[in-house]
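Number of protein chains: 2
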Amino acid sequence: MIPGGFPEAEHRARLAACQRAMAEAGLEALLLTTEPELRYLSGFLTRFWESPTRPWFLVVPVSGDPVAVIPSIGVALMARGWIRDIRSWRSPDYRDDGIGLLAETLRECTGPRAAIGLPSGPETHLRMPMDSYHRLATSLGARRLTGDGGLLRRLRMVKSGAEIERIATACAIAGRAFAEVPALVRPGLSLAEVFRRFQIEGLRQGADWVPYLAGAAAPGGYADVISPATEAPLRAGDVLMLDTGLVHAGYFCDFDRNFSLGSPAPEVARAHARLVEATRAGAEAARPGATVADLFHAMDRIVTGGAGGSDAGRLGHGLGMQLTEAPSLIPEDHTVLEPGMVLTLEPGIALPGGKLMVHEEDIVITETGMCWLTSPAAPEIVQIPA
Amino acid sequence: MIPGGFPEAEHRARLAACQRAMAEAGLEALLLTTEPELRYLSGFLTRFWESPTRPWFLVVPVSGDPVAVIPSIGVALMARGWIRDIRSWRSPDYRDDGIGLLAETLRECTGPRAAIGLPSGPETHLRMPMDSYHRLATSLGARRLTGDGGLLRRLRMVKSGAEIERIATACAIAGRAFAEVPALVRPGLSLAEVFRRFQIEGLRQGADWVPYLAGAAAPGGYADVISPATEAPLRAGDVLMLDTGLVHAGYFCDFDRNFSLGSPAPEVARAHARLVEATRAGAEAARPGATVADLFHAMDRIVTGGAGGSDAGRLGHGLGMQLTEAPSLIPEDHTVLEPGMVLTLEPGIALPGGKLMVHEEDIVITETGMCWLTSPAAPEIVQIPA
Numbered sequence: 001m002i003p004g005g006f007p008e009a010e011h012r013a014r015l016a017a018c019q020r021a022m023a024e025a026g027l028e029a030l031l032l033t034t035e036p037e038l039r040y041l042s043g044f045l046t047r048f049w050e051s052p053t054r055p056w057f058l059v060v061p062v063s064g065d066p067v068a069v070i071p072s073i074g075v076a077l078m079a080r081g082w083i084r085d086i087r088s089w090r091s092p093d094y095r096d097d098g099i100g101l102l103a104e105t106l107r108e109c110t111g112p113r114a115a116i117g118l119p120s121g122p123e124t125h126l127r128m129p130m131d132s133y134h135r136l137a138t139s140l141g142a143r144r145l146t147g148d149g150g151l152l153r154r155l156r157m158v159k160s161g162a163e164i165e166r167i168a169t170a171c172a173i174a175g176r177a178f179a180e181v182p183a184l185v186r187p188g189l190s191l192a193e194v195f196r197r198f199q200i201e202g203l204r205q206g207a208d209w210v211p212y213l214a215g216a217a218a219p220g221g222y223a224d225v226i227s228p229a230t231e232a233p234l235r236a237g238d239v240l241m242l243d244t245g246l247v248h249a250g251y252f253c254d255f256d257r258n259f260s261l262g263s264p265a266p267e268v269a270r271a272h273a274r275l276v277e278a279t280r281a282g283a284e285a286a287r288p289g290a291t292v293a294d295l296f297h298a299m300d301r302i303v304t305g306g307a308g309g310s311d312a313g314r315l316g317h318g319l320g321m322q323l324t325e326a327p328s329l330i331p332e333d334h335t336v337l338e339p340g341m342v343l344t345l346e347p348g349i350a351l352p353g354g355k356l357m358v359h360e361e362d363i364v365i366t367e368t369g370m371c372w373l374t375s376p377a378a379p380e381i382v383q384i385p386a
Numbered sequence: 001m002i003p004g005g006f007p008e009a010e011h012r013a014r015l016a017a018c019q020r021a022m023a024e025a026g027l028e029a030l031l032l033t034t035e036p037e038l039r040y041l042s043g044f045l046t047r048f049w050e051s052p053t054r055p056w057f058l059v060v061p062v063s064g065d066p067v068a069v070i071p072s073i074g075v076a077l078m079a080r081g082w083i084r085d086i087r088s089w090r091s092p093d094y095r096d097d098g099i100g101l102l103a104e105t106l107r108e109c110t111g112p113r114a115a116i117g118l119p120s121g122p123e124t125h126l127r128m129p130m131d132s133y134h135r136l137a138t139s140l141g142a143r144r145l146t147g148d149g150g151l152l153r154r155l156r157m158v159k160s161g162a163e164i165e166r167i168a169t170a171c172a173i174a175g176r177a178f179a180e181v182p183a184l185v186r187p188g189l190s191l192a193e194v195f196r197r198f199q200i201e202g203l204r205q206g207a208d209w210v211p212y213l214a215g216a217a218a219p220g221g222y223a224d225v226i227s228p229a230t231e232a233p234l235r236a237g238d239v240l241m242l243d244t245g246l247v248h249a250g251y252f253c254d255f256d257r258n259f260s261l262g263s264p265a266p267e268v269a270r271a272h273a274r275l276v277e278a279t280r281a282g283a284e285a286a287r288p289g290a291t292v293a294d295l296f297h298a299m300d301r302i303v304t305g306g307a308g309g310s311d312a313g314r315l316g317h318g319l320g321m322q323l324t325e326a327p328s329l330i331p332e333d334h335t336v337l338e339p340g341m342v343l344t345l346e347p348g349i350a351l352p353g354g355k356l357m358v359h360e361e362d363i364v365i366t367e368t369g370m371c372w373l374t375s376p377a378a379p380e381i382v383q384i385p386a
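So the protein lines, in turn, are chains E and G.
Position 252, counted from 1, in the first sequence is what the UniProt record's numbering calls 252; the numbers after and before it change by one each time, with no gaps.
Position 218, counted from 1, in the second sequence is what the UniProt record's numbering calls 218; the numbers after and before it change by one each time, with no gaps.
These are calculated hints, taken from the structure and not from any lab test.
Be a bit skeptical, because a hint or two may be false.
[Said to hold, decoys possible] Among the chain E residues that face chain G by a calculated CB cut under 10 Å, a handful are: (1) Glu50; (2) Leu126; (3) Met128; (4) Asp224; (5) Ile226; (6) Pro228.
[Stated by the list, open to error] Computed spacing ranges between beta-carbons, pair by pair: (7) E:Arg270 - G:Gly64: 43 to 49 Å; (8) G:Gly161 - E:Pro112: 53 to 59 Å; (9) E:Ala183 - G:Pro233: 26 to 32 Å; (10) G:Ser63 - E:Glu284: 52 to 58 Å; (11) E:Gly262 - G:Arg176: 33 to 39 Å; (12) G:Ala307 - E:Arg204: 44 to 50 Å.
Small disclaimer: the values here were computed from a predicted structure and weren't measured.
In this text, a Cβ means the ideal position worked out from N, Cα and C, and glycines have one as well.
Construct all of the structure, not just a fragment, from the sequences and the given hints.
Following this line, the structure appears as structure tokens:
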């Protein structure tokens, strides 16, 4: 088995569901090119995707097993998994970086007028040079590269028990790291040093790696939630926010915690309590049959009085092999909640002076409602002695 | 200034070179969509790219300043940099995720029959949904989206002094972490635990984060260099290899070190010495006017006797804002070396039983030759008491 993969039965169940959806959509094959897409069906887990150099392909026929068309550097790892048909070339190859082999495979797996699906819709992209894409399209004859109608997006939204277990473990690891923050942080430390200490703590608590950490520290709330850390020292009165996506066995958590250095200003204390109230309202609305938009509105009523959100653009999202996945908690997302969907609840609240605070928890939809994957924060913001 | 950005003068120098190349190529604008492309010209550094949800665009006209067309969540950070024209929308938007605003901007910046360049060639991709791309293409009238002829790839290959300084710092941090490995590792620890300890050490030594760590541990060499770590315990006689890309101020190092748990087998000791000899031969061949292919051949002669490489596909690559960048050290890459190019020298050697060993160092081309950015390894493999 590929380390971090799943038993063959899990990948076969995913494949069967995928092929049913492909048949309904009239697709004779899917062509997958990105890390989570390949991993979803093959179990191929490696940090080597950090290198943008080599293209990787998985061809999924509407019946029969997938074919991996990959650089030779990856064959040994792929061969540890359940995919038996592995075709490779020595990449990088400036004349033909796998496109000839890929086209041959697609021609073999499909009829002469086949529709071949590429993942399409929000959050997708095609991970290959555009010149390769155009060359591929012309070498397929009357076959047509088209969108997959979002079928892979819909399948990936509902997690299996084994996937949920991994996300829950990632959440527990981050929870233990957040619990150590008051012991790791004091006024005078730079935010950059706090970031280092928090990442070290995440690893100590068992994370495989820490792909994502954002945050901020400023008095009375922060201006921004995506900036990198600076060398500016933390000061009494600051609100410190840390938002992490750390990985266990290929699955992310994604949540944050706020801290007050010393006693919080009254408006900060109120904002924090309001944010916690909003996540609880989101959780109460979360059950099979409700929609993603319902969760948005349940939280938006509390943080904006129903004004319809903020510049962040959404109040939460899906979570799994990626830090953020479908769906998006926006008024326009009418996806009906199903057991197995893993979501973040992520309300934000505006504060005086153009500042804001955000709060985030992770949940899973169950047969009867929801379960917290994080230990939800208390309304009172945690204080760090200052 | 954006934390981790550069002074405006540096970005303006990059822009001027870019616009000269665009004029030569007959491009009225460039459209950039990926993290390193945007950052190269704007200085926009954030780990938020870990989220695949939102598209980000930078429009670079052939004269005048770039225009950022970005989700509203990023405006506060972008506004700390030197780009003044920032246009935004609230993303995610399922009806139009920035494409209308982007098309309007491109129409404003170019004539009605303009050629608009997208980065093309090896290691590029377009970071937006394909449906958005097709919608964009049709909304541009007679304007044409085309390849950039690799101009951005060529510009990014030559680093400025400020960039080289950051890469050198990242190398020094990783070097200090590697020096601690014998104190961190002992037989009986799992490779997964070794990975955690090494990442912690990288952070302790000053890394901002550790996006990449691969490695292996096995007797007499390893089968693979991209697999994730497992819970299998290290044993006396294992060769342990750790290959890291850690980040300082937005720039990577990328090199590895091999260790022997206890005395190395004679073939392991010989292979290590040969790998070190190969990197030295590569370094001796490295000077302005030589080609990338020359470096390949200088190393390949030593590791395969001139057979032409291995399944890894290349013997090194460029390095900078990404773990791997252009060029690729392959026989077909005839790029002429110039001062400021940062490269890895990464020979691999086959061992009995289908095993291999790899070794990697980082260098920069200077006016007269090259400088090591790493402290090159000695021929004798480092032993860890076992």
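TODO: Could you work out which earlier hints the structure fails to respect and list their numbers in ascending sequence?
DONE: Violated hints: none; all satisfied.
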